[in-house]
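Taking the hints into account, I'd like the entire structure generated from these sequences.
Residues in the sequence shown are numbered from 1 upward in steps of one, following our numbering.
By construction, these hints were calculated from the structure, which means they are not laboratory data.
This one's a predicted model, so the numbers in the text were calculated from it and none came from an experiment.
Wrong hints could be hidden among the right ones.
[To be verified] Under the rule of at most 30 Å between Cα atoms (straight-line distance), these lysine-lysine pairs were calculated in the DSSO-like manner: (1) Lys-65 / Lys-44; (2) Lys-86 / Lys-44; (3) Lys-122 / Lys-105; (4) Lys-89 / Lys-33; (5) Lys-89 / Lys-44; (6) Lys-105 / Lys-89; (7) Lys-33 / Lys-44; (8) Lys-44 / Lys-95; (9) Lys-33 / Lys-95; (10) Lys-33 / Lys-86; (11) Lys-44 / Lys-64; (12) Lys-33 / Lys-105; (13) Lys-86 / Lys-105; (14) Lys-95 / Lys-105.
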Amino acid sequence: MKKLVLTFIAMAAFIKCFAINTDSLLYEHQRAKINGMLDVRRQKFSQYTESLDMHTGIFGLQTKKDIRRSNEILMEIVRTDDNIFKELKILLEYKTFEQTQVASKSEETENHALAYMATINKLRDENTRLQSEENRVTNEFRQRQTMHIVVILLLILLSVFLLTRKRPTANTN
Numbered sequence: 001m002k003k004l005v006l007t008f009i010a011m012a013a014f015i016k017c018f019a020i021n022t023d024s025l026l027y028e029h030q031r032a033k034i035n036g037m038l039d040v041r042r043q044k045f046s047q048y049t050e051s052l053d054m055h056t057g058i059f060g061l062q063t064k065k066d067i068r069r070s071n072e073i074l075m076e077i078v079r080t081d082d083n084i085f086k087e088l089k090i091l092l093e094y095k096t097f098e099q100t101q102v103a104s105k106s107e108e109t110e111n112h113a114l115a116y117m118a119t120i121n122k123l124r125d126e127n128t129r130l131q132s133e134e135n136r137v138t139n140e141f142r143q144r145q146t147m148h149i150v151v152i153l154l155l156i157l158l159s160v161f162l163l164t165r166k167r168p169t170a171n172t173n
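Encoded structure:
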C-alpha cells in the first residue's frame with residue numbers, strides 16, 4: 001500500500017500540468033482512507049468494550065481466555081492507531097506539498113505581474129521619448145519648410161523686381 005501511495009506522490013511531482021487535480025484527488029483519497037481506518041477502529045473498540053463485558057467463567061467471572069481476547073482486540077486497536085498516524089503523516093505531507101505549490105504558483109504569478117508592469121513602464125517611457133523626438137523633428141521640419149518658403153518668396157520677389165525694373169537702353173548716344 002505504501003508503494004502505491006509513494007507512486008502516486010512521485011507521479012504528482014513529475015506531472016506538472018495535472019498537478020493540482022492529481023494532488024487534490026490524492027488528498028481526498030487519503031482522507032477517505034483515514035476515515036475508513038477510523039471506522040474500523042470504532043468497530044474494534046466496540047468489540048473490545050463487548051469483550052470486557054463478557055464473563056464466561058464460573059460465577060460470572062472473566063476467564064483467561066476472555067482477558068486474552070480483550071488484549072488481542074486492544075493490540076489490534078493499537079496497530080490500527082499506528083497505521084492511522086502513518087496515514088495522517090502522509091496526509092499532512094500532501095497538504096504541505098499543496099501549500100508549497102500554491103505559494104510557488106502565487107510567487108510565480110506575482111513575478112510575472114511585476115515583469116509585465118516593468119515592461120509596460122519601459123514601453124511607456126519609450127513611447128514618451130519617441131513622441132518628444134517626433135515633436136522635435138516635426139518642429140525642425142516646419143522651421144526648414146518656413147525657411148524654404150521665405151527663400152522661395154524672396155527669390156520670386158527678386159525675380160519680379162529684376163524683370164520689372166527698367167532696363168537701361170543701349171541707344172542713348
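Hint-by-hint comparison with the structure:
A hinted pair counts as satisfied when its Cα atoms are at most 30 Å apart, and Lys-65 with Lys-44 qualifies at roughly 18 Å. For the proposed pair Lys-86 and Lys-44, the alpha carbon gap of about 19 Å is at most 30 Å, so the pair holds. A threshold of 30 Å between alpha carbons decides the hint, and for Lys-122 with Lys-105 the separation of about 25 Å falls inside it, so the pair holds. Taking the CA atoms of Lys-89 and Lys-33, the gap is about 13 Å. The hint holds against a cut of 30 Å.
Restraint check for Lys-89 and Lys-44: satisfied, since their Cα atoms lie roughly 22 Å apart, inside the 30 Å limit. Proposed proximity of Lys-105 and Lys-89 is supported: the alpha carbons are some 24 Å apart, at most 30 Å. Our distance criterion of 30 Å between C-alpha atoms is met by Lys-33 and Lys-44, whose separation comes to about 17 Å. Only pairs whose Cα atoms come within 30 Å are accepted, and Lys-44 paired with Lys-95 is accepted, the gap being roughly 29 Å.
For the given pair, Lys-33 sits about 15 Å from Lys-95 by alpha-carbon distance, which is consistent with the 30 Å threshold. The hinted pair formed by Lys-33 and Lys-86 meets the criterion: a straight-line CA distance of about 12 Å does not exceed 30 Å. Between Lys-44 and Lys-64, the direct Cα distance comes to roughly 20 Å. Compliance with the 30 Å bound is thereby established for this hinted pair. Restraint check: the Cα-Cα separation between Lys-33 and Lys-105 comes to about 28 Å, which is no more than 30 Å; the hinted pair holds.
Taken as a hint, the Lys-86 and Lys-105 pair is honoured in the structure, with Cα atoms around 29 Å apart against an allowance of 30 Å. A C-alpha spacing of about 15 Å is found between Lys-95 and Lys-105, which places the hinted pair at or below 30 Å, so the restraint holds.
Checked against the numbered hints given earlier, the structure satisfies every one of them.
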